[in-house]
Amino acid sequence: MSVIREIDIMGKKKIIPISALIVLLIGSLSSAYVYTSTVDTEFITINGNEYTIDQLFFIGEEKTINSNSELFTGIALDSLIIKTGVVNPEDHDYKIIASDGYQKTVKWENIKNGVLTREGTSIFSDLPKAYRVKNIIHIEVI
Amino acid sequence: MKKMKLFAGILAFGSLWGFSECIIGSTLRDAGLPAGSIMTGLFAIILMTMSRMFYKQRGMQLGMGLVAGALRLFNPFGGCFICSAIAILAEGAIFELIWYGLSLDLKELNTITMKSSIGILTAYVIYVGGYIITQILTPIISSAGFYLENLIVFLPQIFASGLLAAILGGITVTATLQLREIDITIKDRLYYPATIGISIFCWLIVIANTLIILSS
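Listed in order, the protein sequences are those of chains X and E. So that you can map any letter, position 114 of the first sequence is 120 in my numbering, and since no number is skipped, the others follow by simple counting. So that you can map any letter, position 200 of the second sequence is 216 in my numbering, and since no number is skipped, the others follow by simple counting.
Heads up, a few of these hints could be off.
Computed footprint of chain E on chain X, listed as stretches where at least three residues anywhere in the stretch have a Cβ under 8 Å from a Cβ of chain E [what the hints assert, rightly or not]:
#, region
1, 37-49
2, 110-119
3, 131-137
Only pairs whose alpha carbons sit at most 30 Å apart, straight line, appear in this in silico DSSO-like list of lysine-lysine [stated by the list, open to error]:
#, chain 1, residue 1, chain 2, residue 2
4, X, 19, E, 72
5, X, 118, X, 140
6, E, 72, X, 20
7, X, 89, X, 19
8, E, 203, X, 19
Hints were generated in silico from the structure; no laboratory data involved. Computed from a prediction, not measured in an experiment: that's the story for all the values here. The beta-carbon is built from N, C-alpha and C at its ideal position, and this holds for glycine as well.
Starting from the given sequences, assemble the full structure and let the hints guide the process.
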């Protein structure tokens with residue numbers, strides 16, 4: 007019985023360090039991938055057209071919302087979607103994509119409760135903090 | 017009697033875990049630090065390793081996750097708190113799965129390589145596992161709905177952010193397992209007041225913190 011246990015321990019002494027090395031490798035390669043794939047642009051693409059944040063603040067309507075007991079001021083996302091020429095906006099979902107690849111898909115009902123801040127972050131009064139997409143580069147109409 | 021002792025231990029260690037998630041985690045998050053990695057790589061992993069080392073009982077860490085997750089529900093701030101509570105419970109369950117194959121006396125963890133390796137592996141897997149669970153549950157519970165594509169494109173970031181948790185876990189588990197050399201025995205007449213006292217303290221602070229934030 008103790009011989010079986012020793013063999014078992016010998017196996018673990020190989021498997022555990024190798025597994026630790028593998029997870030370190032996955033973490034390192036993923037870090038390198040995230041670093042190299044981050045897009046650096048000052049434009050936000052909405053419905054196929056590129057805009058700067060100043061242009062969006064010029065065409066959109068500003069509003070203040072309360073999200074998780076904090077107040078945020080920005081351009082109303084619903085007015086932005088309408089003014090950038092999306093037809094029948096209520097029939098679509100919207101994929102909000104950040105410069106580092108982080109993305110969240112929301113419905114028109116959520117868009118009506120959201121703003122885009124001057125820092126290029128989406129904030130929604132009806133959604134958790136996970137939907138605060140920072141450094142937005144693309145709002146895709148789907 | 018032994019079961020009572022174990023139950024008191026689960027309550028105390030789980031309360032400490034929940035307390036650290038609610039109070040310290042929120043402070044780290046407000047300071048702009050990577051709270052998730054630090055909480056998993058330091059607090060969660062130290063408490064689970066210590067409890068496994070001292071009590072030598074499988075299943076205890078799952079119970080701790082249940083207590084810590086329940087305490088998280090009493091601190092309804094910082095996004096989807098129900099998802100966080102479930103993620104904490106999942107972290108306890110994942111710890112159990114990884115450590116299930118180890119002996120109760122942890123005989124195989126006798127070298128620095130083994131101690132740091134199990135720390136790296138455990139911290140990374142429970143962090144990534146908990147993170148993925150949160151990313152699935154948050155959209156499901158919110159009105160936006162879950163989209164698999166959003167999770168898949170975000171996986172490299174989740175895997176990358178687990179690196180800090182893994183490094184911290186490697187250091188903290190190695191340090192924690194060194195405590196095995198110290199013989200700690202607490203008499204029953206001190207054990208129960210100490211464990212119950214710690215648990216009550218943690219729950220009171222978290223509930224008081226919630227009431228203060230709500231009233232301000």
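Quiz prompt | Distance restraint between residue 118/X and residue 140/X, which requires alpha-carbon spacing of 30 Å or less | solution = Roughly 19 Å between the alpha carbons, so the hint for residue 118/X and residue 140/X holds.
Quiz prompt | Check of the region 131-137 of chain X against chain E for coverage (Cβ-Cβ below 8 Å, three residues minimum) | solution = Held - the region 131-137 of chain X has 6 residues with a Cβ nearer than 8 Å to chain E, which meets the minimum of three.
Self-check item: Given pair status - residue 19/X, residue 203/E, alpha carbons within 30 Å
Solution: Answer violated: residue 203/E to residue 19/X is near 36 Å, above 30 Å.
Quiz item: When you check the alpha-carbon spacing of residue 89/X and residue 19/X, does it fall within 30 Å?
Solution: Violated - the C-alpha atoms of residue 19/X and residue 89/X are around 63 Å apart, more than 30 Å.
Practice problem: Below or equal to 30 Å on CA atoms is what counts here, so check residue 72/E against residue 20/X. | Solution: holds (23 Å)
Quiz prompt | Per-stretch coverage check for the region 37-49 of chain X, three Cβ contacts closer than 8 Å to chain E | solution = That given contact holds, which follows from 4 residues of the region 37-49 of chain X lying within Cβ reach (below 8 Å) of chain E.
Quiz item: Hey, residue 19/X versus residue 72/E, does the alpha-carbon distance stay inside 30 Å?
Solution: holds (20 Å)
Quiz item: Do three or more residues of the region 110-119 of chain X come closer than 8 Å to chain E, measuring C-beta to C-beta?
Solution: holds (count 6)
The structure is inconsistent with the numbered hints 7, 8, although it conforms to all the rest.
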